[in-house]
Amino acid sequence: MASLAVQCPKCRMLLSAGAINQPHWIPCPACESSLQVEVFPALFRQLAAGSSGALAVMDDESTCFYHANKQAVLPCHECGRFLCALCDCELNGEHFCPACLEKGRVTRKIKSLENERTLYDSIALTLAVAPMLIFYFTLITAPMSLYVAIRHWNAPRSIVHNTRFRYILAVTFASLEIIGWVALFAYLYAALSSRRG
Amino acid sequence: MAEKEYRRLTRPRLRYKGVARATTRSSLWLGKDHVLSIDATNFTERYRRFYFRDIQAILIRRTKRRMTWNWILLVLLIPALFVENAGRTAGGGPRILGAILLLSVVVPLIFNNVLGPTCAVYFRTAVQIEEVPSLSRMRRSRKTIERLRPLIASVQETMGPDEMSLRILAMQSGKPVSIEVQIEPDPNRIEI
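So the sequences go chain by chain: E and Z.
Per my numbering, the very first residue in the first sequence carries number 16; after that it's consecutive.
Per my numbering, the very first residue in the second sequence carries number 74; after that it's consecutive.
It is possible that part of the hints are untrue.
PhoX-like cross-link-like pairs, simulated, lysine-lysine; straight-line CA separation at most 20 angstroms [claimed, not checked]:
id	chain 1	residue 1	chain 2	residue 2
1	E	K124	Z	K105
2	Z	K105	Z	K216
3	Z	K77	E	K126
4	Z	K137	E	K25
5	E	K126	Z	K216
6	Z	K77	Z	K105
The hints are simulated quantities; they were obtained by calculation from the structure and are not laboratory data.
The structure displayed is predicted, hence computed values, not measured ones.
If we strip away everything but chain E, and leave its shape as in the complex, we get (with noise of 0.2 angstroms):
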């Protein structure tokens, strides 16, 4: 039987069937919060039972490249392995064996699987950006951001802001700054070596 039961956020209580669908406000049982909940068919969808897959009887039968007595059911969307209905994982209508479901979460290769990216334009950026304030800072900060943007100028970036604008800013910003740094050493070395002269 399908899991039915729809709680309260609040409380967890669980809700009536009259509190469903409704097109106005009803109160919690519990904590007396007011809901509108709105429920679709998946609600009511049974999980499809698993299968440990089916064992190989015939000899020239193709096999699981895992499971060498088991019956191969598909091949690996990435690798091309064949797969029994334990080794299949499916994800978004595509199949994976569980190497390289792994494989492709690890390397970011599979990026449904992907929850979580760091953001090195962003570091870059303020880094160049935000020790302006104190502009002596800048002498450090500025080669770090070149460092961070240069070296992660390929890395994935924000999954909807996809664009490299952030990191040429920061390089022009921390280019900049050494380039005044530069000046500056340079100008104050020639002022005191035409004092000594």
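Fit chain Z to the known structure of chain E by using the hints.
What follows is chain Z alone, placed relative to chain E:
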């Protein structure tokens, strides 16, 4: 030009859950077959995907956040009015400071009421009930849900309002609900 993978549903909103999360901004994006919720700090982004086929229910809970902020801002408005009044009589710099102080209370107060009542929205899937922090105002939430409803309905099995009511009634009576699931043969399956 390549089509954008995600379309914005809501602008980033600050999360109001504890001091540690105060700097987290949450936004909602519409993908091809899912809704993407992004919790962004300055240097990281965390993603949560809600696939249309997996969304079982959307719950809206009315909250008192607007009222709370109204009280806080009204309490702050009283000293701000005194300061502004004192600044006006003094003239010059204090007058400008008083006006800035007054505006810093009045503007959020107006915005808080123009944006409308507050709420919390939750997506229920088979494994979780997850709050969507970027949907915190009723008007925006309703607009977003209106936009999502046909997309969710288009990928889930069709169920008329009568059938839905019957199933809900079966829930109420506690009778087991028998569901016939049509499993289509997978075209990738190997014929052995």
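Outcome of the hint check:
{"no.": "1", "hint": "E:K124 to Z:K105", "verdict": "holds, 18 angstroms"}
{"no.": "2", "hint": "Z:K105 to Z:K216", "verdict": "holds, 19 angstroms"}
{"no.": "3", "hint": "Z:K77 to E:K126", "verdict": "holds, 15 angstroms"}
{"no.": "4", "hint": "Z:K137 to E:K25", "verdict": "holds, 13 angstroms"}
{"no.": "5", "hint": "E:K126 to Z:K216", "verdict": "violated, 28 angstroms"}
{"no.": "6", "hint": "Z:K77 to Z:K105", "verdict": "holds, 10 angstroms"}
Going through the hint list in order, the structure does not satisfy hint 5, though it satisfies all others.
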